[in-house]
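Trainee: Just so you know, the protein sequences line up as chains A and B, in that order.
Counting along the first sequence from 1, when you hit position 170 you're at 170 in this note's numbering, and nothing is skipped either side.
Every position in the second sequence, counted from 1, becomes a number in this note's numbering once 403 is added.
Just so you know, these hints were derived from the structure itself, not from any lab.
Be aware that a few hints might be false.
Keeping only pairs whose Cα atoms sit at most 25 Å apart, straight-line, the calculated SDA-like set for lysine to any residue is [what the hints assert, rightly or not]:
hint, chain 1, residue 1, chain 2, residue 2
1, B, LYS730, B, ILE765
2, B, LYS531, A, GLY273
3, B, LYS597, A, LYS336
4, B, LYS748, A, ALA133
5, B, LYS597, A, ALA133
6, A, LYS336, A, ASP73
7, B, LYS473, A, MET59
8, B, LYS473, A, GLN72
9, B, LYS406, A, ASP197
10, A, LYS359, B, LYS748
As the structure is a prediction and not an experimental result, all values here were calculated from the model.
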Amino acid sequence: MLNRRHFLAGAVTAALTTWQRPTFAAAETDSRLVVVILRGALDGLAAVPPVKDPSYASMRGALAFSATAGAQDTALPLDKLFGLNPALSGLHESYRAGELLVVHAVASPYRERSHFDGQNVLENGTLAPNGSADGWLNRALLELPPSPARRELGLALGQNVPLVLRGRAAVASWAPSILPNASQDFLTRLADLYSEDSALSGRLSEAMNVSDMVESDAAGGDAMKPGRGDNLARLKQIVGTAGKLLAADSGPRVAVFDATGWDTHANEGTSQGALAIRLRGLDGALTALKISLGPVWNRTAVLVMTEFGRTVQINGSRGTDHGTATCALLLGGAVKGGRVLADWPGLRTANLYEGRDLKPTTDLRQVVKGVLHEHLGVDPAALARNVFPESQAIAPAEGLIRA
Amino acid sequence: MVKSTVLIAAQRFGLGARPGDLGKIGDARGWLEHQVSASYKAPPETAQLTDSATILAAYVKARKDRRDAKKDGGDPVKQVANTIREEILPHYLAQVEARTRIAATTEQPFRERLVYFWTNHFAVSVDKPVVSGIAGSFENEAIRPHVTGHFADLLLAVEQHPAMITYLDNEFSIGPNSKLAALARRRPRAANRKVDINENLGREILELHTLGVDGGYTQADVTSFAKVLTGWSVGGGEGRLAEGKPGAWHYRDNAHEPGTHTVLGAQYKESGESQGKAVLHDLARHPSTARHLATKLARHFIADDPPAESVDRIAKAYTASDGNLKKVYAALIAEDAAWNPAPAKYKTPYEFVTSSLRALAIEPPEGRKLVASCETLGQRTYSPGSPAGWPDTARDWDGADALMKRVEWSLAFADRTAALRDARQVASDVLGDSVSPATARALGRAESNSQALALLLMSPEFQRR
Chain A
1 MLNRRHFLAG
11 AVTAALTTWQ
21 RPTFAAAETD
31 SRLVVVILRG
41 ALDGLAAVPP
51 VKDPSYASMR
61 GALAFSATAG
71 AQDTALPLDK
81 LFGLNPALSG
91 LHESYRAGEL
101 LVVHAVASPY
111 RERSHFDGQN
121 VLENGTLAPN
131 GSADGWLNRA
141 LLELPPSPAR
151 RELGLALGQN
161 VPLVLRGRAA
171 VASWAPSILP
181 NASQDFLTRL
191 ADLYSEDSAL
201 SGRLSEAMNV
211 SDMVESDAAG
221 GDAMKPGRGD
231 NLARLKQIVG
241 TAGKLLAADS
251 GPRVAVFDAT
261 GWDTHANEGT
271 SQGALAIRLR
281 GLDGALTALK
291 ISLGPVWNRT
301 AVLVMTEFGR
311 TVQINGSRGT
321 DHGTATCALL
331 LGGAVKGGRV
341 LADWPGLRTA
351 NLYEGRDLKP
361 TTDLRQVVKG
371 VLHEHLGVDP
381 AALARNVFPE
391 SQAIAPAEGL
401 IRA
Chain B
404 MVKSTVLIAA
414 QRFGLGARPG
424 DLGKIGDARG
434 WLEHQVSASY
444 KAPPETAQLT
454 DSATILAAYV
464 KARKDRRDAK
474 KDGGDPVKQV
484 ANTIREEILP
494 HYLAQVEART
504 RIAATTEQPF
514 RERLVYFWTN
524 HFAVSVDKPV
534 VSGIAGSFEN
544 EAIRPHVTGH
554 FADLLLAVEQ
564 HPAMITYLDN
574 EFSIGPNSKL
584 AALARRRPRA
594 ANRKVDINEN
604 LGREILELHT
614 LGVDGGYTQA
624 DVTSFAKVLT
634 GWSVGGGEGR
644 LAEGKPGAWH
654 YRDNAHEPGT
664 HTVLGAQYKE
674 SGESQGKAVL
684 HDLARHPSTA
694 RHLATKLARH
704 FIADDPPAES
714 VDRIAKAYTA
724 SDGNLKKVYA
734 ALIAEDAAWN
744 PAPAKYKTPY
754 EFVTSSLRAL
764 AIEPPEGRKL
774 VASCETLGQR
784 TYSPGSPAGW
794 PDTARDWDGA
804 DALMKRVEWS
814 LAFADRTAAL
824 RDARQVASDV
834 LGDSVSPATA
844 RALGRAESNS
854 QALALLLMSP
864 EFQRR
């Protein structure tokens, strides 16, 4: 991957494009950031139930967790107000080890209830669903000191790149394959055929770089074969392998993956049921990621986020409809965890957003900006100007990451 | 010399040329218009498929058996789960096989593409177990007969199909002031069983099926419309929902929220099932719906970011004809932008697979293999994963890894089919004069016919339409 020609070309381009950047001489970051997008609107009141809120049990009805040990559907204890869904037992261990930070009553600036617009705002980092065709994570990559080898610093764990990671910075994508690999000879011929098609030739060279990384990873083996069945079980395998890519010194620094199936309109369940199955799958994937990162886990932060939350009260199908505020999770050895950050608005009807949803009291961008600044070293002025345009008033949260 | 309009008709409007197709098309616009003006005949490939009511009823019964087995604490839980897999999965595979067989052989590929367009517009997904056996039935029963009729009829057929009702959870949406709710409240354990509406179907009809997300509705409209739709259900449920033909559309008056409801400023008087029909009828005529549908059609047939004037003209044709889809397609075909010779659309995996089958004029393999192919390429058939359907722009499909998967698939596919035809002949059969010098050179230099075929399938002109 790294050869002299590439290195020189990269250095020249870097010099031309970074003249205004004070961090020109800065070394490449050694921190890792993984962003997980839960599509479909995670019920934050079920993932991190405020079990001691006086209105919680009556508002949630049949979907309420108990704070009392030994009761049916007891939440795992977090602090004086919150518990954790028992399906998240791995995360609970992380919490006790001080590696999980929960942010609650949080929302992106989006205030309607369309999944697809909500995800656009979550990922494009602007105030509008069509505000940008690029994602905030890609724009953040542009603010990092470039890799000397000009390799891709961002990796999408999937065949295609989600909006949050699309943009001017070249990024890679990877998913396991059941098909035999293409030969080097064929790829060379195809690269030649694509020489006059910039879109396809760019993609092909990104793909070839990742193939090199995966093949040089001796620990690949069976993990490269995708599992069948439930997409979260498969995710666990993919994430496990991806952790190895991320852990490499010459690997990507930022990775993204997403998981669908959080739109629990019917039969959401409590410690068993549709949501618990998803949460257990997520918990398993995050544990697999931690294991595969090895010592690099100590330099890793994982941000889990979703487009919005769900109604406080349940609907007629023992599920919940689209809501507003929810929770976000920040996990990793680099995270100053073991606590829940929340300016808790309460669950009395009078305190709800539009009389039905958890009221947002924290802007998700504060959290993301805090992570990008403290963890990856992105300059706050650049965060306000380029990464999250029009966000000067949204100060980065402080103290999320261990010094 | 093949005219560029003929190539565009076959590639962009159709599903890709088969050998011989380019010579038969003649007048490209006429060829397209003829396909949508012919009266509807169900394709023979769908004749052997089981209807959705039968499949859904079997699924519901198996699910109930499983629950009963669980209650009894018995071991048969796994056995019943297997029954679901054994009974339902074959229907899914048969539907995928029939669909792909039509795609590979149809003489009306433009019409077929429109079927896929509308199935994707009104997306249901086999990711949800209850839909797993009936997504193909939904396409065959609700979409196919209506793609060249009026949008209002298509809309009604879709929203009353059991696949849509169950996918968007409406069968359990019950008006809080309905008779059923009153009965439920009298039951001893009523406190645990809240009886209320479910907003899902109402919201997605407004946001995705008709007006579009910026179409001018509010949360109050969503809630009110959801009330209107209470009672739109499926027959043969459990307990008090047992009425009606199992697995088939059923209107439950006793679940309907009584009274007048206001949607988008219009008042709809209590009229049972007709109340919902009246709202749908008005939604179909709404200017936001015209614009939303015109935008999606233009994006599918012209470019990821279609020219605003094209969208305007298509929307105008929609409004002027009161949603007559034949007129809408005629307006689309009349757009010069749709005939730009440079292919503007990157193929989706399904388009890539089916156009490859057509290019080699081969019969599709069995359903299981087709599902595996499309899944490997990132687009498991009938599984868009969200009610918004599969995305329709290049940036959603052109990931580096996705490209590598296409490479690997092409090599495997070419390996199996290379003995059939000379790759250079295939290139001229399906791409005519649009084969670029670079592609011609690559094919000429390939070390084997199999390698040449894989290069052809991966060429820029075959990857786009």
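Trainee: Confirm or reject each hint.
Mentor: Here is what the structure says about each hint:
no. : hint                   : result
1   : B:LYS730 with B:ILE765 : violated (34 Å)
2   : B:LYS531 with A:GLY273 : holds (14 Å)
3   : B:LYS597 with A:LYS336 : violated (41 Å)
4   : B:LYS748 with A:ALA133 : holds (17 Å)
5   : B:LYS597 with A:ALA133 : violated (42 Å)
6   : A:LYS336 with A:ASP73  : violated (29 Å)
7   : B:LYS473 with A:MET59  : violated (30 Å)
8   : B:LYS473 with A:GLN72  : holds (19 Å)
9   : B:LYS406 with A:ASP197 : holds (24 Å)
10  : A:LYS359 with B:LYS748 : violated (42 Å)
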